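Throw the hints in and build the complete structure from the sequences for me.
There are 4 protein chains.
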Amino acid sequence: MTDIKAALRAQRIETPSWAYGNSGTRFKVFAQPGVPRDPYEKLADAAQVHACTGIAPTVALHIPWDKVDDYADLARHARELGVGIGAINSNVFQDDDYKLGSVTHPDPRVRRKATGHLLECVDIMDATGSDTLKLWFSDGINYPGQDDLRARQDRLAESLAEVYDRLGEGQRFLLEYKLFEPAFYATDVPDWGTAYAHCVRLGPKAQVVVDTGHHAPGTNIEFIVAFLLREGKLGGFDFNSRFYADDDLMVGAADPFQLFRIMYEVIRGGGFTDEVAFMLDQCHNIEPKIPGQIRSVMNVQEATAKALLVDRDALAAAQAAGDVLGANAVLMDAYNTDVRPLLAGLREEMGLAPDPMAAYAGSGYFEKIAAERVGGQQAGWGA
Amino acid sequence: MTDIKAALRAQRIETPSWAYGNSGTRFKVFAQPGVPRDPYEKLADAAQVHACTGIAPTVALHIPWDKVDDYADLARHARELGVGIGAINSNVFQDDDYKLGSVTHPDPRVRRKATGHLLECVDIMDATGSDTLKLWFSDGINYPGQDDLRARQDRLAESLAEVYDRLGEGQRFLLEYKLFEPAFYATDVPDWGTAYAHCVRLGPKAQVVVDTGHHAPGTNIEFIVAFLLREGKLGGFDFNSRFYADDDLMVGAADPFQLFRIMYEVIRGGGFTDEVAFMLDQCHNIEPKIPGQIRSVMNVQEATAKALLVDRDALAAAQAAGDVLGANAVLMDAYNTDVRPLLAGLREEMGLAPDPMAAYAGSGYFEKIAAERVGGQQAGWGA
Amino acid sequence: MTDIKAALRAQRIETPSWAYGNSGTRFKVFAQPGVPRDPYEKLADAAQVHACTGIAPTVALHIPWDKVDDYADLARHARELGVGIGAINSNVFQDDDYKLGSVTHPDPRVRRKATGHLLECVDIMDATGSDTLKLWFSDGINYPGQDDLRARQDRLAESLAEVYDRLGEGQRFLLEYKLFEPAFYATDVPDWGTAYAHCVRLGPKAQVVVDTGHHAPGTNIEFIVAFLLREGKLGGFDFNSRFYADDDLMVGAADPFQLFRIMYEVIRGGGFTDEVAFMLDQCHNIEPKIPGQIRSVMNVQEATAKALLVDRDALAAAQAAGDVLGANAVLMDAYNTDVRPLLAGLREEMGLAPDPMAAYAGSGYFEKIAAERVGGQQAGWGA
Amino acid sequence: MTDIKAALRAQRIETPSWAYGNSGTRFKVFAQPGVPRDPYEKLADAAQVHACTGIAPTVALHIPWDKVDDYADLARHARELGVGIGAINSNVFQDDDYKLGSVTHPDPRVRRKATGHLLECVDIMDATGSDTLKLWFSDGINYPGQDDLRARQDRLAESLAEVYDRLGEGQRFLLEYKLFEPAFYATDVPDWGTAYAHCVRLGPKAQVVVDTGHHAPGTNIEFIVAFLLREGKLGGFDFNSRFYADDDLMVGAADPFQLFRIMYEVIRGGGFTDEVAFMLDQCHNIEPKIPGQIRSVMNVQEATAKALLVDRDALAAAQAAGDVLGANAVLMDAYNTDVRPLLAGLREEMGLAPDPMAAYAGSGYFEKIAAERVGGQQAGWGA
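Residue numbers (the UniProt record's numbering), protein chains in the order written: chain A, 1 to 383; chain B, 1 to 383; chain C, 1 to 383; chain D, 1 to 383.
The hints are simulated quantities; they were obtained by calculation from the structure and are not laboratory data. Careful, some of the hints might be misleading.
Since the list gives no way to pick out one identical chain from another, each pair is judged satisfied if it fits inside one copy or across any two copies.
[Said to hold, decoys possible] Within a straight-line C-alpha distance of at most 20 Å, the following computed DMTMM-like cross-link-like pairs (lysine to aspartate or glutamate) qualify:
#1 113 x 97
#2 368 x 333
#3 205 x 274
#4 28 x 181
#5 99 x 323
#6 5 x 126
#7 28 x 97
#8 205 x 131
#9 28 x 165
#10 67 x 96
#11 113 x 95
#12 5 x 348
#13 205 x 126
#14 233 x 80
#15 205 x 158
#16 5 x 349
#17 233 x 96
#18 205 x 123
All figures in this text were calculated on a predicted structure; none of them were measured in a lab.
Structure below.
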């Protein structure tokens with residue numbers, strides 16, 4: 001139990017700056033009171049999540065949504081709030097030029113512009129001290145024949161190679177894959193195999209990031225996790241949950257058992273280290289954002305605690321004996337355990353309130369920002 | 001062949017006003033040149049589709065996107081352009097009040113407001129002479145427990161009954177179902193069974209509309225079509241196509257064989273009449289809008305022509321004999337036929353150019369609107 | 001808590017005779033030691049499940065797999081073992097005549113034969129005292145055009161009506177639906193809407209049974225449960241679980257949270273009565289069968305206990321207030337509770353061992369049947 | 001057109017010996033008249049398919065279903081019939097030892113046995129002159145925790161390496177992947193990424209085979225084809241079609257447009273050579289087997305003809321110009337062409353009847369085998 005508590009105490013879950021801004025669907029973005037107007041305010045909100053949970057000390061930025069004149073100043077601001085800058089997320093899907101693609105666009109001018117943006121993100125890594133660049137490409141096509149599937153891979157490879165070469169010491173990029181949306185017929189990095197193949201060609205600074213909402217129905221995500229860890233190519237997670245498509249619901253909300261199985265494979269595969277980044281990537285379309293992030297951090301933490309509770313010796317013995325029900329039962333015993341008392345105790349040992357949701361609700365922070373953040377332009381995707 | 005041509009000549013496909021405005025995904029709406037600024041300009045664009053295809057004489061409106069002060073004037077404008085007003089589409093998903101639902105919202109005030117909007121749409125039917133109200137509800141919940149699934153059905157039934165009672169002589173409403181989006185955990189009208197059950201309780205003026213993009217993976221849509229026709233409850237189609245979710249691509253683009261099978265069941269089930277409305281409901285996110293609509297109308301027409309070509313006597317004989325390959329071959333013979341020469345001939349008989357896409361491209365219309373429609377606010381979803 | 005225990009004590013979960021025989025996939029049926037050779041031995045095994053769990057007092061039969069000369073004798077045998085005969089399951093998919101369908105077959109001779117079998121099953125109900133007939137039809141087609149979708153509905157309706165009219169006082173039938181398999185293009189009762197529409201036409205003795213493995217990906221099963229309960233048409237469950245298709249794994253093994261949500265809707269909708277039958281329908285292809293059934297009964301029981309723990313007043317208050325996270329949290333609090341101590345205590349109050357799996361393992365029953373049941377033909381599907 | 005005809009004349013499609021035997025689902029195998037009793041009779045049937053189509057000159061074997069004492073004699077028999085032996089398919093899923101896996105089984109004894117079978121298949125390659133070994137593993141687990149996902153990869157890699165090393169000059173193996181079935185929770189080679197990663201580590205004699213029915217819903221198969229060709233790792237196809245899962249229907253029956261898109265990517269990617277094997281892998285559960293194969297060969301041929309008709313210069317120009325509708329139209333023009341007259345003419349040039357289905361029906365072959373093949377044990381899967 002001491003080991004488990006130590007492991008849980010060391011866990012780090014990164015929250016994304018964009019979770020604090022407005023988000024929605026193509027049908028409607030519902031604004032919420034108190035939403036930040038700029039990256040500084042987003043960091044302040046993220047700091048509340050860390051203050052309540054104790055395990056969310058970094059914040060991912062999204063460029064250009066979090067563009068500022070002075071990144072060093074932003075990083076200093078973060079430190080003052082008790083948090084740090086995490087991964088830099090590039091955005092090559094919102095400029096009018098990117099209607100038919102970014103780094104895979106048929107027009108070399110557009111590709112140049114897109115790659116330029118990615119290189120600029122590495123500059124921002126240098127400026128903020130971030131060591132991770134997250135690359136998600138919305139690139140793809142909507143209609144068969146619209147563009148050449150293979151030529152787009154050539155263009156993608158060329159851009160990735162240029163960005164890879166720009167990475168400095170201790171820097172890496174994570175390549176994200178996604179089945180569909182916003183491209184509907186073919187996406188240029190649709191699955192882990194595609195991301196993996198590109199990363200293998202590039203070298204050790206290129207790794208795959210698993211967004212838990214980006215798979216076809218029926219995909220076994222924990223298998224992918226186990227496989228990528230075996231290959232040394234799992235760079236991290238974009239956590240969220242979904243029932244159907246890329247719903248971007250709170251992680252663990254749709255299928256907590258799946259989250260547990262994923263965390264078990266992370267631990268079993270030696271991925272519970274600083275190497276594999278646990279990041280949230282969610283949209284709180286209808287629920288309040290800061291509590292949505294707190295709940296999500298707690299959900300990952302609870303799944304981790306359960307995964308740490310698995311009696312691995314008993315499991316290995318049952319597996320070796322071909323005891324199907326016995327092996328399954330070892331796993332389920334851990335899953336069925338109520339770990340909330342354990343985590344409440346851990347928080348108290350860490351000097352935190354035992355219930356982060358209640359702590360936040362009682363803090364008065366929401367009332368404060370709702371009153372203060374009046375006027376200006378609320379942050380959002382600007383879609 | 002004379003019969004087939006007569007049937008094709010009589011076909012009516014309705015285009016939606018919103019297809020002419022901008023649309024996109026939650027990630028980005030890419031604006032296009034020449035996009036209408038108001039419902040009058042949308043009707044003008046729709047009239048071009050009809051002028052080129054000869055079979056798209058009506059235009060569906062969407063309220064409030066097509067709100068005008070004087071609907072009689074709008075209808076007159078349409079008539080002058082050679083088209084008419086088709087179905088009125090309600091919108092109870094974009095007001096801030098509807099964040100947690102419209103007619104199924106827990107708060108009676110919001111439900112009242114939503115039902116009021118639906119009743120207003122019937123007023124607009126009266127004013128425009130439209131005989132069809134299309135009801136799509138984005139209502140649903142994102143998280144288990146968020147609201148009571150059954151109570152929401154009670155509220156839905158109550159609102160539908162009120163709207164049903166308001167319908168006048170010769171008016172009907174079509175209830176649309178959709179698996180998910182924008183609600184991600186549970187949608188209040190998720191499938192045809194739910195829509196059907198409500199319509200059966202209400203009576204003959206309530207029918208189900210099948211949006212071809214609103215089903216779970218693996219659903220056999222033509223079965224639903226056949227079943228609803230057998231029950232007298234198929235009111236019409238919202239045509240589009242998709243590879244994954246509700247992609248809203250051009251109908252027939254993703255799976256032309258499926259579209260053919262659907263049209264075959266419509267014909268076989270006696271639904272190829274004015275009773276069953278053939279409507280398009282699509283988003284031309286990256287392709288030009290008017291040609292996108294023309295192509296879509298042509299795709300439905302081609303599928304219809306192929307379905308009409310099925311040798312139904314030969315099919316029935318093979319089916320009765322249990323000749324699996326023979327029966328399938330009868331269907332495939334029709335599908336594999338290239339009907340484009342037939343349709344080109346039909347168009348010439350109708351006084352149209354044989355190739356609608358070329359006719360539009362050569363008309364100069366696009367160049368005209370791109371030059372003229374400068375300034376103002378382009379129409380869109382306003383999400 | 002007293003109420004919860006009383007409810008759990010009253011719960012009845014029916015196990016299926018075929019779960020005790022061999023089963024497999026089209027690739028291989030792996031035989032297991034100790035498998036029953038006849039219906040009498042199946043009942044003996046089922047009695048063990050009841051002896052260990054205390055809540056599995058009835059056994060479903062499958063005709064002709066469980067055909068015997070004297071059903072009254074079989075029922076008496078069951079009673080002596082401490083169990084009773086549950087639902088009678090018809091089988092119109094394994095005779096060579098049924099290659100292209102049973103009650104929907106194009107040939108009236110085959111339809112007559114199939115309907116005759118269904119009527120014979122009602123005779124067996126009379127003989128055994130069973131009050132429930134379960135109807136699953138594998139009927140469907142593999143290729144577009146193979147047969148007429150609508151004519152098959154007419155034939156289905158005709159057969160169902162004849163069986164319905166044969167039902168005696170206090171008897172009912174449950175109509176099962178299934179997306180696909182063994183028919184691959186179109187199944188004649190593919191979804192709940194189809195089953196519901198037929199049952200509504202027939203009357204109160206016809207109800208829908210929900211097999212939890214028979215849905216398209218992404219289908220919200222608990223919504224269907226809530227809807228059918230509201231309509232008075234939920235007759236029962238065939239419980240099992242699946243990751244992909246109709247995997248027939250142990251219920252609760254693939255998605256325990258889904259099972260909990262289903263049980264919550266059962267309770268919330270007033271379906272936790274004798275009216276709604278909780279039946280297992282599973283294949284233990286690789287795990288031992290009796291423990292597989294015990295584990296499954298326990299999984300349903302645990303999900304039920306959690307669902308009973310939901311604080312419905314708190315939930316209703318949060319829902320009414322539009323408190324998305326609060327309402328979800330009320331549900332999750334119940335789900336996250338470890339109910340195993342509660343259930344162990346309940347079992348001891350009922351005079352049972354606290355751990356049914358351990359009790360069975362220690363009983364020596366398996367060793368006994370493995371030694372005794374040598375020779376003869378092991379029961380199975382005979383596919 | 002001359003080039004197209006030459007290409008079509010050179011196409012080679014391999015039929016599988018098991019398509020001529022009985023097959024079915026877990027619910028029922030329906031026997032058919034005239035089914036072969038041994039591999040010699042299977043080859044005779046396959047020779048009919050080649051005689052009627054002119055492009056099916058080889059037959060894949062499945063060991064042990066096609067086990068004979070003298071493989072050289074079997075190969076000589078094939079030659080006399082005008083066909084040759086194609087790929088050797090291994091089977092490590094039907095021995096009782098393989099209940100929990102074959103090469104990934106926890107028990108080294110079972111793994112040794114399984115690998116031994118694979119090596120024996122290479123011996124049969126030597127004896128028959130076959131140059132291709134097809135490896136499909138049903139290995140996987142049904143329940144979370146049942147076995148260690150990562151350890152199973154280690155065992156798989158070890159076995160593959162041993163088989164790889166045994167391959168002789170001019171021999172290769174194709175590694176098949178499959179999402180699920182018969183394993184339901186996790187399959188050890190579930191997707192192309194897994195197969196690809198293993199093949200890359202092994203070297204040039206290991207390639208991936210794409211079974212068109214083995215993907216998750218929504219997967220873009222032609223993307224995988226294009227990607228693997230770009231990587232030099234596409235070894236061939238197991239063609240069939242499906243609506244839902246691994247239905248094993250006739251290729252092109254469920255989605256002919258998808259088959260066309262796949263063939264287009266094969267041609268575009270330089271895969272229309274001897275390097276990429278076009279193999280059928282189907283189950284004719286309810287339709288007659290020889291005509292089922294003939295129709296399937298024709299479906300692949302028609303899709304190939306359409307793909308060859310694509311105006312690639314026009315397509316490239318439209319793609320380069322970002323003309324979404326224009327590029328799509330180029331592709332669709334080819335797809336919408338009725339290529340049956342072209343293929344009928346080609347057959348006549350090749351000295352064949354223009355309509356293979358009619359030619360077979362009129363040949364009297366079926367009546368002959370139905371009369372002669374009486375008694376003995378019909379071939380099948382023996383599941």
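A quick look at each hint next to the structure:
Taking identical chains as interchangeable, the C-alpha atoms of residue 113 and residue 97 lie at most 20 Å apart only when both belong to the same chain, with a minimum of 9 Å there against 41 Å between chains. In this assembly of identical chains, the alpha carbons of residue 368 and residue 333 never lie at most 20 Å apart, being 43 Å within a copy and 29 Å across copies at closest. Proximity of residue 205 to residue 274 under the C-alpha cut-off of 20 Å is restricted to the intra-copy arrangement: shortest distance 15 Å within a copy versus 38 Å between copies. Within a single copy, residue 28 and residue 181 get their C-alpha atoms as close as 17 Å, and across copies as close as 11 Å, so both meet the 20 Å cut-off.
Taking the shortest Cα distances, residue 99 and residue 323 sit within 20 Å of each other only across copies (12 Å), while inside one copy they are farther apart (54 Å). Within a single copy, residue 5 and residue 126 get their C-alpha atoms no closer than 34 Å, and across copies no closer than 59 Å, so neither meets the 20 Å cut-off. Taking identical chains as interchangeable, the C-alpha atoms of residue 28 and residue 97 lie at most 20 Å apart only when they sit on different chains, with a minimum of 12 Å there against 24 Å within one chain. Within a single copy, residue 205 and residue 131 get their C-alpha atoms as close as 10 Å, which meets the 20 Å cut-off; across copies the closest is 39 Å, which misses it.
Taking CA atoms no more than 20 Å apart as the test, residue 28 paired with residue 165 passes in neither setting, with 40 Å inside one copy and 30 Å between copies. In this assembly of identical chains, the alpha carbons of residue 67 and residue 96 lie at most 20 Å apart only when taken from the same copy (18 Å versus 29 Å across copies). Taking the shortest alpha-carbon separations for residue 113 and residue 95, only the intra-copy value of 10 Å comes in at or below 20 Å, while the best inter-copy value is 38 Å. Taking the closest pair of Cα atoms, residue 5 and residue 348 come within 20 Å of each other only inside a single copy of the chain (12 Å); across copies the shortest separation is 34 Å, beyond that limit.
For the homomeric pair residue 205 and residue 126, the shortest alpha-carbon distance inside one copy (16 Å) is at most 20 Å, but the shortest distance between copies (44 Å) is not. With identical chains, the CA atoms of residue 233 and residue 80 are never at most 20 Å apart, being 34 Å at best within one copy and 52 Å at best between copies. Taking CA atoms no more than 20 Å apart as the test, residue 205 paired with residue 158 passes inside one copy only; the shortest distance there is 16 Å, against 28 Å between copies. In this assembly of identical chains, the alpha carbons of residue 5 and residue 349 lie at most 20 Å apart only when taken from the same copy (10 Å versus 36 Å across copies).
Proximity of residue 233 and residue 96 under a CA criterion of 20 Å is satisfied in neither setting, with 33 Å inside one chain copy and 37 Å between copies. In the homo-oligomer, the alpha carbons of residue 205 and residue 123 lie at most 20 Å apart inside one protomer (16 Å), although the nearest pairing across protomers, at 43 Å, exceeds that limit.
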